[in-house]
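Novice: Here the working numbering is used: the first residue of the first sequence is 1, the next is one more, and so on.
Keep in mind that a hint or two might mislead.
Here are the simulated DSS-like pairs of lysine-lysine, each with C-alpha atoms no more than 25 Å apart in a straight line [to be verified]:
{"id": "1", "residue 1": "Lys190", "residue 2": "Lys177"}
{"id": "2", "residue 1": "Lys265", "residue 2": "Lys97"}
{"id": "3", "residue 1": "Lys126", "residue 2": "Lys116"}
{"id": "4", "residue 1": "Lys265", "residue 2": "Lys93"}
{"id": "5", "residue 1": "Lys97", "residue 2": "Lys386"}
{"id": "6", "residue 1": "Lys116", "residue 2": "Lys271"}
{"id": "7", "residue 1": "Lys190", "residue 2": "Lys217"}
{"id": "8", "residue 1": "Lys472", "residue 2": "Lys310"}
{"id": "9", "residue 1": "Lys156", "residue 2": "Lys177"}
{"id": "10", "residue 1": "Lys126", "residue 2": "Lys177"}
{"id": "11", "residue 1": "Lys116", "residue 2": "Lys280"}
{"id": "12", "residue 1": "Lys315", "residue 2": "Lys265"}
{"id": "13", "residue 1": "Lys76", "residue 2": "Lys177"}
{"id": "14", "residue 1": "Lys386", "residue 2": "Lys315"}
{"id": "15", "residue 1": "Lys315", "residue 2": "Lys268"}
{"id": "16", "residue 1": "Lys93", "residue 2": "Lys134"}
{"id": "17", "residue 1": "Lys76", "residue 2": "Lys271"}
{"id": "18", "residue 1": "Lys310", "residue 2": "Lys265"}
{"id": "19", "residue 1": "Lys176", "residue 2": "Lys76"}
{"id": "20", "residue 1": "Lys187", "residue 2": "Lys177"}
{"id": "21", "residue 1": "Lys177", "residue 2": "Lys134"}
{"id": "22", "residue 1": "Lys265", "residue 2": "Lys280"}
{"id": "23", "residue 1": "Lys156", "residue 2": "Lys134"}
{"id": "24", "residue 1": "Lys280", "residue 2": "Lys76"}
{"id": "25", "residue 1": "Lys217", "residue 2": "Lys187"}
{"id": "26", "residue 1": "Lys176", "residue 2": "Lys190"}
{"id": "27", "residue 1": "Lys271", "residue 2": "Lys310"}
{"id": "28", "residue 1": "Lys76", "residue 2": "Lys97"}
{"id": "29", "residue 1": "Lys265", "residue 2": "Lys177"}
{"id": "30", "residue 1": "Lys268", "residue 2": "Lys310"}
{"id": "31", "residue 1": "Lys25", "residue 2": "Lys15"}
{"id": "32", "residue 1": "Lys472", "residue 2": "Lys315"}
{"id": "33", "residue 1": "Lys15", "residue 2": "Lys126"}
{"id": "34", "residue 1": "Lys177", "residue 2": "Lys97"}
Across the chosen pairs, the derived CB separations fall in these ranges [as the list claims (entries may be wrong)]:
{"id": "35", "residue 1": "Asp464", "residue 2": "Gly274", "range": "32 to 42 Å"}
{"id": "36", "residue 1": "Gly274", "residue 2": "Asp104", "range": "22 to 32 Å"}
{"id": "37", "residue 1": "Val173", "residue 2": "Lys97", "range": "32 to 42 Å"}
{"id": "38", "residue 1": "Ala101", "residue 2": "Asp426", "range": "43 to 53 Å"}
{"id": "39", "residue 1": "Phe234", "residue 2": "Gly427", "range": "52 to 62 Å"}
{"id": "40", "residue 1": "Glu305", "residue 2": "Thr341", "range": "11 to 21 Å"}
In case anyone wonders, no lab produced these hints; they're calculated from the structure.
Note that CB positions come from ideal geometry on N, CA and C, so glycine has one too.
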Amino acid sequence: MKREIRVYNTLTQEKEVFVPREPGKVSVYVCGVTPYADTHLGHARPSVVWDVIIRFLRHLGYETLHVQNFTDVDDKIIQRSLEEGVPALEISKRYIKEYLASMDALGVQRADYYPKVSEHIEEIIKLIQGLVDKGHAYAVEGDVFFSVASFAEYGKLSKQKLEELREGTRFEVDPKKRDAADFALWKAAKPGEPAWDSPWGRGRPGWHIECSAMSLKYLGEEFDFHGGGNDLIFPHHENEIAQSEAATGRPLARYWVHSGMITLKDTKMSKSLGNIVSLKRLLEEYPPALLRFYLLSTHYRSSLEYYEGKLEEMKRGWSRLNEAARKLREDLAEAQEGELTAFDQETLDNLERYADEVVDALSDDFNTAMALGVLFDVVREINSYKHKGGFHRQVLQKGWDILQLWAGEILGVLELGQQRQEGLTDGLMELILAIREELRRERNFALADRIRDQLAELGVVVEDTPQGPRWKV
RNA sequence: GGCGGCAUAGCCAAGUGGUAAGGCAGGGCUCUGCAAAAGCCCCAUCCCCAGUUCGAAUCUGGGUGCCGCCUCCA
1 MKREIRVYNT
11 LTQEKEVFVP
21 REPGKVSVYV
31 CGVTPYADTH
41 LGHARPSVVW
51 DVIIRFLRHL
61 GYETLHVQNF
71 TDVDDKIIQR
81 SLEEGVPALE
91 ISKRYIKEYL
101 ASMDALGVQR
111 ADYYPKVSEH
121 IEEIIKLIQG
131 LVDKGHAYAV
141 EGDVFFSVAS
151 FAEYGKLSKQ
161 KLEELREGTR
171 FEVDPKKRDA
181 ADFALWKAAK
191 PGEPAWDSPW
201 GRGRPGWHIE
211 CSAMSLKYLG
221 EEFDFHGGGN
231 DLIFPHHENE
241 IAQSEAATGR
251 PLARYWVHSG
261 MITLKDTKMS
271 KSLGNIVSLK
281 RLLEEYPPAL
291 LRFYLLSTHY
301 RSSLEYYEGK
311 LEEMKRGWSR
321 LNEAARKLRE
331 DLAEAQEGEL
341 TAFDQETLDN
351 LERYADEVVD
361 ALSDDFNTAM
371 ALGVLFDVVR
381 EINSYKHKGG
391 FHRQVLQKGW
401 DILQLWAGEI
411 LGVLELGQQR
421 QEGLTDGLME
431 LILAIREELR
441 RERNFALADR
451 IRDQLAELGV
461 VVEDTPQGPR
471 WKV
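Model the full assembly from the supplied sequences, consistent with the hints where possible.
Specialist: Here you go:
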């Protein structure tokens, strides 16, 4: 059931029809993190966005190959290593572990490969050598620089003109560079830094080159999607394009997909600004599915505001979606079979239409915000159906299937009560509620209400319904 | 200064030519011992100005405001 998918391509600044390099297959490279500090909310956005994109593409029948790198050789890690007196690779190992644990908690499916710089030095050196051989790079005193002047299309992704870049340079230019806009492919080793042997002496890779080398190794030339935060457009992705395309003579990626920043009071969240919201902390306080709901409530290219209490606000709407699914699943157990009435059929048709709209939304540049909007339509449709007395198995099943698949499997915003405590709690609740029902029958509402209120104080919400009491945490 | 983007109800947020999705909050009602949940109804003409068009939130030009990148950054 493949549909036409449209994707906004940063390179062309237009929405384009997605045509994969190979029919039925999708190759994806997403820039991962530099593991030198705790994972923050900003890291969660591209991860969850790509998780949804990949789940969606798989659902449509594409075979996906997803690579996400770890830049584990880097100035910041080295600095941290010197501060702590711990080997750089141990620092990165620690934060990679932390990152992956957070992503697991968020329900992000693992990529197929998580290549690290430190394990691909050979490939990197080979790529640099090729660039030197072709005249795109030059070595000076153990450093190797990429010559931007040798790549005519330099600036095509970020729409920067070389002239402007040269003038705009606010930092001190390394005198070894021939051109102020040139950038390092290889850096000569300084004492105490991790270093590897190379044709230019001991040293380490510069930033950018690892992604060119590793994407080439795992995905080959001209793969489908290249993703990451939009703060990577320049210089990182611009430089990747220069390196890779100068080396292979082919486009690096077919579609460049950049996600927006998470902001705090209109200001980007970033490590250097120190306005970080720890992902670990959020995961301790809120359900992962709610975090995903929040992250997916806005189109991936827009910036997304975060503030204290934001998730609390979103929780109400999110709960409605979850409650609808939960109740639907329960109803399904006792649903009626039989002839479909005109009303049943009409509801069924509406649900069918909504299911199509969800697919349309996701097919149009992965519009998760719109998809969620449609899923709320599904909730209203099904609740209204039940309110009017509808109880046909086929209809309820359809509603459940839609919510389960799209809200559950693809978007991952459902939390279907798996958090409900097993055994003892269930038993105790059953007992308490049975007693309370007894009191209510005796019209001892004062005591019944007291039980309900006190349970509420413990965080247990009791709802009295025609089918008997229900409770949730 | 250069480049990119955004501006839709109290808040969040879809919507790229055909007359404003959805969520939260708010008001009214139904159900109900009460409450909760749920349902029904109500609640915007889209930053400003000028154009193009039979018709624009959607296109063009000009403003204003905000954000991102140009330095490490998801």
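Novice: For every hint, state whether the structure bears it out.
Specialist: Evaluated hints:
1. Only pairs whose Cα atoms come within 25 Å are accepted, and Lys190 paired with Lys177 is accepted, the gap being roughly 18 Å.
2. With a CA separation close to 30 Å, the supplied pair Lys265 and Lys97 exceeds the 25 Å bound.
3. Taken as a hint, the Lys126 and Lys116 pair is honoured in the structure, with Cα atoms around 16 Å apart against an allowance of 25 Å.
4. Proximity of Lys265 to Lys93 is assessed by CA-CA distance (about 33 Å); at most 25 Å being required, the pair is judged violated.
5. With a C-alpha separation of about 46 Å, the suggested pairing of Lys97 with Lys386 is violated against the 25 Å cut-off.
6. Annotation: proposed proximity of Lys116 to Lys271 holds, straight-line Cα distance about 21 Å (limit 25 Å).
7. Straight-line distance between C-alpha atoms of Lys190 and Lys217 comes to about 28 Å, which puts the hinted pair past the 25 Å bound.
8. With a C-alpha separation of about 22 Å, the suggested pair Lys472 and Lys310 falls inside the 25 Å cut-off, and the hint holds.
9. Of the pairs offered as hints, the one joining Lys156 and Lys177 holds, with about 22 Å between alpha carbons and a cut-off of 25 Å not exceeded.
10. For the proposed pair Lys126 and Lys177, the alpha carbon gap of about 21 Å is at most 25 Å, so the pair holds.
11. Our distance criterion of 25 Å between C-alpha atoms is met by Lys116 and Lys280, whose separation comes to about 23 Å.
12. Between Lys315 and Lys265 the alpha-carbon distance is near 21 Å, which keeps this suggested pair within the 25 Å criterion.
13. Taking the CA atoms of Lys76 and Lys177, the gap is about 22 Å. The hint holds against a cut of 25 Å.
14. Between Lys386 and Lys315, the direct Cα distance comes to roughly 24 Å. Compliance with the 25 Å bound is thereby established for this hinted pair.
15. At roughly 24 Å between alpha-carbon atoms, Lys315 and Lys268 fall within 25 Å of each other, so this suggested pair holds.
16. Proposed proximity of Lys93 and Lys134 is contradicted: the alpha carbons are some 36 Å apart, above 25 Å.
17. For the hint pairing Lys76 with Lys271, the CA-to-CA distance comes to about 11 Å; that is within 25 Å, so the pair holds.
18. In summary, the hint linking Lys310 to Lys265 is supported, as the alpha carbons are separated by about 12 Å, within the 25 Å threshold.
19. Under the criterion of a C-alpha separation no larger than 25 Å, the hint pairing Lys176 with Lys76 is consistent with the structure, at around 23 Å.
20. Restraint check for Lys187 and Lys177: satisfied, since their Cα atoms lie roughly 12 Å apart, inside the 25 Å limit.
21. The straight-line distance between the Cα atoms of Lys177 and Lys134 is roughly 18 Å, inside the 25 Å bound, and the hint therefore holds.
22. For the suggested pair Lys265 and Lys280, the alpha carbons sit about 21 Å apart, so the restraint of at most 25 Å is met.
23. About 21 Å separates the Cα atoms of Lys156 and Lys134, which keeps this hinted pair within 25 Å; it holds.
24. Between Lys280 and Lys76 the CA atoms are separated by roughly 21 Å; this keeps the pair inside 25 Å, and the hint holds.
25. Proximity of Lys217 to Lys187 is assessed by CA-CA distance (about 22 Å); at most 25 Å being required, the pair is judged to hold.
26. Between Lys176 and Lys190, the direct Cα distance comes to roughly 16 Å. Compliance with the 25 Å bound is thereby established for this hinted pair.
27. This hinted pair checks out: Lys271 and Lys310 have alpha carbons roughly 21 Å apart, not beyond 25 Å.
28. Taken as a hint, the Lys76 and Lys97 pair is honoured in the structure, with Cα atoms around 17 Å apart against an allowance of 25 Å.
29. Of the pairs offered as hints, the one joining Lys265 and Lys177 is violated, with about 39 Å between alpha carbons and a cut-off of 25 Å exceeded.
30. Restraint check for Lys268 and Lys310: satisfied, since their Cα atoms lie roughly 16 Å apart, inside the 25 Å limit.
31. The hinted pair formed by Lys25 and Lys15 meets the criterion: a straight-line CA distance of about 20 Å does not exceed 25 Å.
32. Between Lys472 and Lys315, the direct Cα distance comes to roughly 14 Å. Compliance with the 25 Å bound is thereby established for this hinted pair.
33. For a cut-off of 25 Å, the pair hint linking Lys15 to Lys126 is broken: about 36 Å separates their Cα positions.
34. Of the supplied pair hints, the one linking Lys177 and Lys97 is violated, its CA atoms being roughly 37 Å apart against a limit of 25 Å.
35. In this structure the hint that Asp464 and Gly274 lie 32 to 42 Å apart at CB is violated, the actual value being about 49 Å.
36. At about 27 Å, the beta-carbon gap between Gly274 and Asp104 stays in the expected band of 22 to 32 Å.
37. One distance hint, 32 to 42 Å for the beta-carbon pair Val173 and Lys97, holds here, with the actual separation near 38 Å.
38. Separation of Ala101 from Asp426 is about 29 Å and departs from the stated range, judged on CB atoms against 43 to 53 Å.
39. The hinted range of 52 to 62 Å is satisfied by Phe234 and Gly427, whose Cβ atoms lie roughly 60 Å apart.
40. Between Glu305 and Thr341 the beta carbons are some 46 Å apart, a value that contradicts the proposed interval 11 to 21 Å.
The structure does not agree with the numbered hints 2, 4, 5, 7, 16, 29, 33, 34, 35, 38 and 40 stated previously, though it agrees with the rest.
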